[in-house]
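There are 2 protein chains.
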Amino acid sequence: MPPDARFDARSQKRARKLEAAHAIAKGKFLAPDAVTPLLEAVIAPTDTVIIEGDNQKQADFLAKCLLGVDPAKVHHLHMCQSSIILPEHLDLFERGIASRIDFAYAGPQGERLFRMLADKKLVIGDIHTYVELYTRYFADLLPDVCLLVAEKADKAGNVYTGFSTEETPALIEATAFKGGIVVVQVNEVVDALTRVDIPADWVDFIVQSPRPFYIEPLFTKDPGQMTELQVLMAMMALRAIYAKYLPRTVNHGVGFNTAAIELLFPTYGLELGLKGKACTHWALNPHPTMIPAVESGFVETIYPVGGEVGMEAYVNSKPDIFPIGFDGTMRSNRFFSQMCGHYAADMFIGSTLQIDIQGNSSTVTSGRLVGYGGAPNFGCDARGRRYASPAWLAAGKEAYAGAPMPRGRKLVVQIVETYHGRMQPTFVEKLDAWEFAQQGFFANPPVMIYGDDVSHIVTEEGVANLLLCRTPQEREQAIRGVAGYTPVGLARDRAMVDALRERGAVAWPEDLGIKESQASRDLLAAKSIKDLVDWSGGLYDPPSRFRNW
Amino acid sequence: MPPDARFDARSQKRARKLEAAHAIAKGKFLAPDAVTPLLEAVIAPTDTVIIEGDNQKQADFLAKCLLGVDPAKVHHLHMCQSSIILPEHLDLFERGIASRIDFAYAGPQGERLFRMLADKKLVIGDIHTYVELYTRYFADLLPDVCLLVAEKADKAGNVYTGFSTEETPALIEATAFKGGIVVVQVNEVVDALTRVDIPADWVDFIVQSPRPFYIEPLFTKDPGQMTELQVLMAMMALRAIYAKYLPRTVNHGVGFNTAAIELLFPTYGLELGLKGKACTHWALNPHPTMIPAVESGFVETIYPVGGEVGMEAYVNSKPDIFPIGFDGTMRSNRFFSQMCGHYAADMFIGSTLQIDIQGNSSTVTSGRLVGYGGAPNFGCDARGRRYASPAWLAAGKEAYAGAPMPRGRKLVVQIVETYHGRMQPTFVEKLDAWEFAQQGFFANPPVMIYGDDVSHIVTEEGVANLLLCRTPQEREQAIRGVAGYTPVGLARDRAMVDALRERGAVAWPEDLGIKESQASRDLLAAKSIKDLVDWSGGLYDPPSRFRNW
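These protein sequence lines map, in sequence, to chains A and B.
Heads up, the first sequence is in our numbering, so the first residue is 1 and it goes up one at a time.
Heads up, the second sequence is in our numbering, so the first residue is 1 and it goes up one at a time.
Watch out, some of these pointers could steer you wrong.
Given that identical chains are not distinguished, each listed pair holds provided it fits within a single copy or across any two copies.
Unchecked claim - Calculated pairs, SDA-like style, for lysine to any residue (alpha carbon to alpha carbon, straight line, at most 20 Å): (1) 527 <-> 256; (2) 275 <-> 111; (3) 397 <-> 438; (4) 152 <-> 402; (5) 397 <-> 435; (6) 64 <-> 100; (7) 28 <-> 327; (8) 155 <-> 192; (9) 155 <-> 201.
None of these hints come from the bench; they were simulated from the model.
Modelling step: build the complete structure from the supplied sequences, incorporating the hints.
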């Protein structure tokens, strides 16, 4: 059936671009120095362009090539990308190549992004959570060109995304089935792949990049840097939440607080009887700090959002735990794992930079736009979930006590020290995020996790159980009750906090039977990266910057 | 890296099964009569087995073959399947082959399923929404064997899932990367595919089925059967909700009520000024009743959960609207489109069988277990969403008026007649779903959409806006206020309902400036299936049962 000309603008545009590209590339494969000319041929002004790159792997060579185009030819691009990580991502706006961006996470570029926004050097469509952004690529942010990154291609153009597949499948499907142009940088072109992840006919152009793609070992946390305060918080979380609700499928955020919990499974977790009863299934990257728990038999499966540098051999040797293909190597999948954390998981636990007195939290602090990443998707009550697990039912019983219709609920836990950085209080009366709304940058204050979605807050002072709070006043006092010596904590109503402690809505270490003196680094199943390597039987191969032995 | 024997039980099991299979199948391709012996070789007792089949396409031949296995060899299977549609799906339990099931939707088998549950002939793990069930396949319901359905395979074993791709990508990824066995039935084996959807190395066995797979034209609603009551309700929905909030990305449920709305876009919708302002983007199957809206320029994109029988040529001719591959044919994707409806959409609107006085709804009625399908995922507030659209902000302003932190909100609309079937009241004081919990079949009453998530209820009596209700009492009276002559409606507090009408929380037709006499079938842009064919320029080819001219 030939297309109807009234409804065929996108594939006509594609055909014109491919014709222009034909002068530069005869087949699918490009020389590295042909990429910039190709991009000038296939990208039109105001096009919507995806550059692949989340908090881990980056299509860094293609980003560099895009920065090389002539702004007289290619300009006013609408960039769509999970993450703003590389300097090139923002240089595009300085050079007048791009003007608008929709994204999820800005990590290391957060300060520069804020300055450029304030200086009107770019327009932000909005900040998203990863999967939300991907779904818009299928609906209203249709990609004209998609710049992807993969490990290998074969000479027919089939692609192997492998261990760090991450977001590639979602991005390519949105582009290849909407008349977009797909360009892939690969580390290597081989005669034959041992596994095909993307069929050749979904791909337009492939280039072998001069260097392997950049990838961040984001989830590698050195046990040597964990403090006894973190051990104390981990003990409280394990005692007050893990051992109470016995969550079955769990997601941990990135950070030292949750990494400390991971290292306590084989010690304090064993003592609490968690083995085989809690945290058997995970939506999680292959955290090196999970190795002792895996080796000690706490873990049945881990379904990963991405890979983790140095964990390849360890992961690939454990097909019962990780998703391994017939070829013997893992394939991660960001979309599926994010949704696993959303729908299959009983609990999310992660950190943040600011929490207000209603429990709203944000990493968007003054002068810095970090974005959300996966947190809003993991860290919200999944109201479309229907299957019952003991943890989900128990949390729902507390949350909906007295409501006419019983309902389950996800555990959404924030774990923070009351002060962070240079003695910045984590607890605040009002989030810095309000400034961004007041200055007109966003319609509402950019909140990462809303207080309504949070079930517990863990600090070194104690654990607030917001599910047991019946009024906004009680929630506020429960939060103040664990906010320690911050101004928010000092302003607490002592009588109300005492009453909340009686009910278990606030638990201080002594209420949980935990003495601060117990919180020793000796409880960490590994005290160094070297210990993790030993636990792994030598299979874990940490990046050199983590090797200090 | 060779696998670690302590963590390699699944691939060892796979290897043993493949060895046993070698006596039956020498290569990837099977004769139809070899399938049952193969299944006896590759399925072990208590295995977790997926049969593909949602509310549209069915792996019907493989389901029949599974029913043929010897229950002495293959028994106590844990079936995981989106839908229980075919008699064979339940026959498996009668014959002692399977004993436990996790699913999302049971449509036509709902009554038999209930009887078998009551007679203890099967155990239900739980009822899910589709994507929730898929995520569990990656976490804790690991498939040992997956029986899939596709259109074509080439002789190398690559597979084309095409127009009705639906859930195949999610199911195969969960299986192929967890040591499971993948068996695919295809309609046709060809020398070369025009597009590869699944690479050959993800597939273990392929059989050409004796007949093409069964597929249900679920979303084909004959305009000839639409009533003036449905036209009235559609007008009220368009006036009170679509024209007020201007939702940009939308999902419609299955049913005549929403199909009537679709047919009103080119008439009443045009009059209300919706063209280009609302409903430009859709997460939706290719509904034939959308043809007039597409042809009239109301629609920019439709991203489909599945295909629709007879819509192939029409859809494939509109690459701007639908996701079309380089080969010129569509690829639907249930996971991505469901999530598009969850995260990208401003509004869901659909029907149900029972609504209680808190707005909770269920299709699980006495003696019948229909399940949820996609409704809980579409029909809940997506609390992980962060991007702002005008509709989402406007709904949030109403919902969170006076709250300390502003937040957006999805519009979740239920559209029902006050009585359905044989004068069964749709509105009830208490859902039948309670019986299922009380009898111990489920931990909580199986609710399809929770009242907390619902923003509006539309009936022939009026529109209740629950976002404007500030107390449970107000919500209850707003619901009673549109419940008409049902006992729930008759028990309303007239003074409270009047006060709610003043505030716009209840709107009767006259409050919306709609006269019942206006609600004529003449407003339907198509009055018959034949009209839809005409609108399509002859490209829509309805199934024969819908052809009456």
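Quick one: residue 155 to residue 192, C-alpha cut-off 20 Å, is that within a copy, between copies, both, or neither?
-> Answer is both; intra-copy 7 Å and inter-copy 18 Å each pass.
Checking residue 527 and residue 256: alpha-carbon separation at most 20 Å within a copy, between copies, both or neither?
-> Classified as within: same-chain Cα gap 13 Å, cross-chain 63 Å, threshold 20 Å.
Have a look at residue 152 and residue 402 and pick one of within, between, both or neither, based on CA distance no larger than 20 Å.
-> neither (57 Å within a copy, 55 Å between copies)
Homomeric proximity label, residue 397 with residue 438: Cα distance no greater than 20 Å | Intra 38 Å, inter 16 Å, cutoff 20 Å: inter-copy only.
Pop the pair residue 275 and residue 111 into one bin, within, between, both or neither, using alpha-carbon distances up to 20 Å.
-> neither (43 Å within a copy, 41 Å between copies)
Give the relationship of residue 397 and residue 435 under a CA distance limit of 20 Å: within one copy only, between copies only, both, or neither.
-> Close across copies (19 Å), not inside one copy (37 Å); limit 20 Å.
Is it within, between, both, or neither for residue 64 and residue 100, if the alpha carbons may be no more than 20 Å apart?
-> Within one copy, since 18 Å is at most 20 Å while 54 Å is not.
With identical chains treated as interchangeable, where does the CA-CA distance between residue 28 and residue 327 reach 20 Å or less: within a copy, between copies, both, or neither?
-> Answer is between: at 17 Å across copies they meet the 20 Å cutoff, but 25 Å inside does not.
First find the shortest C-alpha distance between residue 155 and residue 201 inside one copy, then the shortest across copies, and answer within, between, both or neither for a cut-off of 20 Å.
-> both (12 Å within a copy, 17 Å between copies)
Comparing the model with each numbered hint stated earlier shows that hints 2 and 4 do not hold.
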